[in-house]
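Student: Sequence:
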Amino acid sequence: FIVIFDLASEASFWQQKSRSSHSIGSIDRNNAEVIYKLLKPAADATQSLELQVSSNYQWEGSGDTEEFIGFLSETIESAVLDSLDDVWRMKNELDVAPYPEVRMRFLLEAITGWICRILISYLCSSNGYSETAAIWSRPFKQVRIQMSRAIQLCEQWEKSCLFFTQQLWASEASHRWEGEPPSLSYLQNFKNRLKEVLNLRGTYEQLVWVFSPQERERLGLSARMDDFLCKNLPTFSKVSADENNVFTGETSIGASQFFVEFQHFGELYKRPLIAKALQADREMIFGYIEAGVKNLREEFSRQPTEEPDIESASLNYVRHGRNIPNQVDRIVWASQLENRTREYLKLADSMLYDLANYDSLKEKLESLIKKVSKWCEDQFRAWCRLNQAAICRTSVSDGAEGAGGSLEFDASRTLLRLSTVDGHLHVGYPDGLVRLQREVRLLAGLGYPVPLQLNKVAALAETMYRHAIVLKQVAHFYNSIDSQMIPCQKALMLKSAMAFEHLIKFSHLKEKGDGKLPASKCQERCITWSQAEEVPIFISKLQALASNLMEENRRLRKIHYELISKIVSLMDVDLLRQQNKWRETLMTMRCCLSEIASSGGYPADHMGPWWAHLDRQLYKALEIQYLFGLETLNERMPEMRIELVYQQSQLSFQPPFEEIKSKYYREMRKFIAIPCHFRGVSDFGDSKSRTENSLIFSKIIENQSAGFYVCYQKAEFLFSRLRASMNQFQDWVALGNVDLEDLVDVQCREISDYESNFRALKRRGRAAEMLPNEIKIDCFTINCVFVKNSIEQLLQNLFDALVNCLRRSVQADYVAADTFLSGAVEKLSIRPQTVEEMAEAKDKHATLAKEQSRLADRLCCAEAKDKLLRDVVGAGVDSFAKTKAKWAKFQLMMESFKLMLNEQTGVCSQTSTPAFKIIKIFNLQPVPCML
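Numbering (the numbering used here), first residue to last: 1 to 931.
Honestly, I wouldn't trust all of these hints.
Unchecked claim - Straight-line Cα separation of at most 30 angstroms, BS3-like style, residue types lysine-lysine; simulated pairs:
hint	residue 1	residue 2
1	Lys-699	Lys-566
2	Lys-620	Lys-566
3	Lys-541	Lys-472
4	Lys-788	Lys-762
5	Lys-490	Lys-663
6	Lys-581	Lys-661
7	Lys-374	Lys-276
8	Lys-558	Lys-541
9	Lys-505	Lys-541
10	Lys-490	Lys-505
11	Lys-364	Lys-346
12	Lys-374	Lys-294
13	Lys-762	Lys-670
No wet-lab data here; the hints were simulated from the structure.
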């Protein structure tokens, strides 16, 4: 047996054997054909599964996972096993040799290997973004489903193999399985491997769930898992070592939990008996504390410097919040380090006081606590000096109230101020105050004595903090609204922006007087922080205007993008065949813009930039479709229907060719002139806008003028193709130019001529049916039904001419034969009495005998023609029976006349000698005696 790797290769082997030239006509070929037919459905199903696995479609979702493995299981049960059972039992139903047991064992083992390979390809396929197998990177819940289904599939195949070989086939009488079951050790090892991989993933997920993010980072759990995956799934002998390297956190978590337990049950461990019983554990905790102290000292030795940028000095601590200065963040970090050191000291004092080297450990802990505490105090005093100095500084420039500016809060300062430099809106609330509030709360919470001056400033800032945050949001919106506006719509936002700016500049004026005093007499002044009652009212008005400005901008942006999407959609709308859709879209856009202009009160000069921008986009869409239309004008022109007819013995078009050509060029000129008549969205604007609009779109014709020559060239080629469409019908209508009756009379002489013409006519009739009913030539659709009807009529006329000529030929033959027979019968009816009459009768008889053979041939030909006529039209010539009767009578009379002449000659020879001489002269033989 040859080596097989799967069911498909086994089916291919039997297929090749069935086609082998050495087995033609033999029993082996019959067996091979039967086996191949039984194995082919299952082989096709397995190859389809391999194709699905290679496409990696199963990783798109968990639903596909269950679907694929379920389909694989169903294929094995319904296709593979059924095919194998049919092959094993084929001797019962077909007279063929049984399938060899040894080969079936090899085939089962090969299918086992194929199942393992297909599962490996499925489970270990790459996710497309990493070289790591997807089974190690997918969510564990999904991987657990996949692996469990794969293990169940392996167990199902193992049970099926044992059931078929040891029970079902073993009890088969005609073809019994007598040997051992197939070796499935590879499948068992593969199943164990799947279980082991599942356990590895499960253990890893449990450790991830138990550890905190900081512990996982400290233990390097993710890095060790990546190191394990980089080894590309080592063999079974290396799994244990790699598992120990990856999951060393199991022992670490045990030690950490042990340390927590000591802290939780510290009072019990102080008891002498318990302390003595747990002596080894306490010494282990002592070692942990020593190592912890060493790590804390090293961490503190790498403490950040006084540099402002802490990240440039040290990265060994975690930032504790956003917007916290580096100096305060260092204090928080050091305080946490001090608390951890004190916890170690507390634990050592409570449980490890009687151990050796306790005094040395305590000294190290107390020394570290002092150093950290002193360092924190120095940092806190530096922070206090820095902020107290900032409070005393005065703002020296516009917008200097930043993080490094003054912390002085002036209640007489305006809430908002427009910068004369960049036009940005600034809040009269120092940014440093916001930072100072957070720092004071944080340091006070850590127990540091914050100076009274800083507390007062923070408390004062706290009263206006809520309003300041809202104002900063409004200022940020106002400063960034310019970047959110579409440039062509900025003019439309001018009215709302001026109202917003007017409220900021003249918010001190009363509402009644605000509209009565001219702007030139209004003093530009905003309310201050000291006007506490008016601040909330002002902020609410400001928020309302900002909200209106934002909503207006959003509404205009939304409408703009909707109009742009309509223009983009026009790039796919055929300018030749869908001009109505272009008109509808343009009308919709114009109505939308008109409604916006009227509802928003936007003047035409403010709408102009938006109109111009949209017209430029329309220009692009129109130019794309115009260029495409010029290139494919002959194909995409509106359909023109033409009829090809046969009139007055010639082919012609309806409407006439010149009219078709004129209509085509008229449509082409209409398309070329579209840009001249195209109007954009500003069609309803002023006359100046309409004039500029016309000039914009008419430039398309100038830019694309080079394509007109190609357009006309294609048109002439199209008309040449239209003329050429007649050529295939010219030969068919040639019959209409001749007299068919004369043609048949001249060409058809013999019956073979008629037979060949009838056969040719039948073939031509079938060929005529295959002629097209319609011919599509770009935009022209030629209806050929009328010319086909004319061709069928011409063929029918030819058929009628053949039938008529054949009928006339038969009738002519019968008439000639009848005339001859009538005269011959009349001549043979006269009985000669004298010698002269006998001599004359003898001459007539000889003459008739000569004509008899020619007449027989003519009647035979006429009979064949009549038979052909009956086969063709179902009816022949009616006078044939009478003529045939006359012919039979004529033949009998010829024989009788000959006998009569012999008889008369004998009589005459007996009665007279001269008569005997006559007999001698005529060489007549006397009639023998009949008695």
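Student: Is Lys-541 close enough to Lys-472, meaning Cα to Cα at most 30 angstroms?
Tutor: The hint holds at about 15 angstroms.
Student: Need the status of pair Lys-699, Lys-566: alpha-carbon distance at most 30 angstroms?
Tutor: holds (23 angstroms)
Student: Take the C-alpha atoms of Lys-788 and Lys-762, compute the straight-line distance between them, and say whether it is at most 30 angstroms.
Tutor: Judged against 30 angstroms, a Cα distance of about 16 angstroms means the pair holds.
Student: Given the proposed pairing of Lys-762 with Lys-670, does the C-alpha separation stay at or below 30 angstroms?
Tutor: Measuring from Cα to Cα gives roughly 50 angstroms; hence the hint is violated.
Student: Assess, step by step, whether the Cα of Lys-490 is no farther than 30 angstroms from the Cα of Lys-505, and give holds or violated.
Tutor: holds (21 angstroms)
Student: Holds or violated: Lys-620 and Lys-566, Cα atoms, limit 30 angstroms.
Tutor: Cα-Cα ~13 angstroms, so holds.
Student: CA of Lys-558 to CA of Lys-541, is that 30 angstroms or under?
Tutor: Measuring from Cα to Cα gives roughly 25 angstroms; hence the hint holds.
Student: Does the alpha-carbon distance linking Lys-374 and Lys-294 stay inside the 30 angstroms limit?
Tutor: It holds: about 19 angstroms lies between the C-alpha atoms, which stays within 30 angstroms.
Student: Hinted pair, alpha-carbon criterion (30 angstroms max): Lys-374, Lys-276. Please report holds or violated.
Tutor: violated (38 angstroms)
Student: Taken at face value, is the distance from the CA of Lys-661 to the CA of Lys-581 at most 30 angstroms?
Tutor: The given pair, whose Cα atoms are some 27 angstroms apart, holds under the 30 angstroms limit.
Student: Does the structure keep Lys-364 and Lys-346 at a Cα separation of 30 angstroms or less?
Tutor: The given pair, whose Cα atoms are some 13 angstroms apart, holds under the 30 angstroms limit.
Student: Are the Cα positions of Lys-490 and Lys-663 separated by 30 angstroms at most?
Tutor: Since the Cα atoms of Lys-490 and Lys-663 sit roughly 49 angstroms apart, the hinted pair is violated (cutoff 30 angstroms).
Consistency with the previously given hints fails for numbers 5, 7, 13, ordered from lowest to highest.
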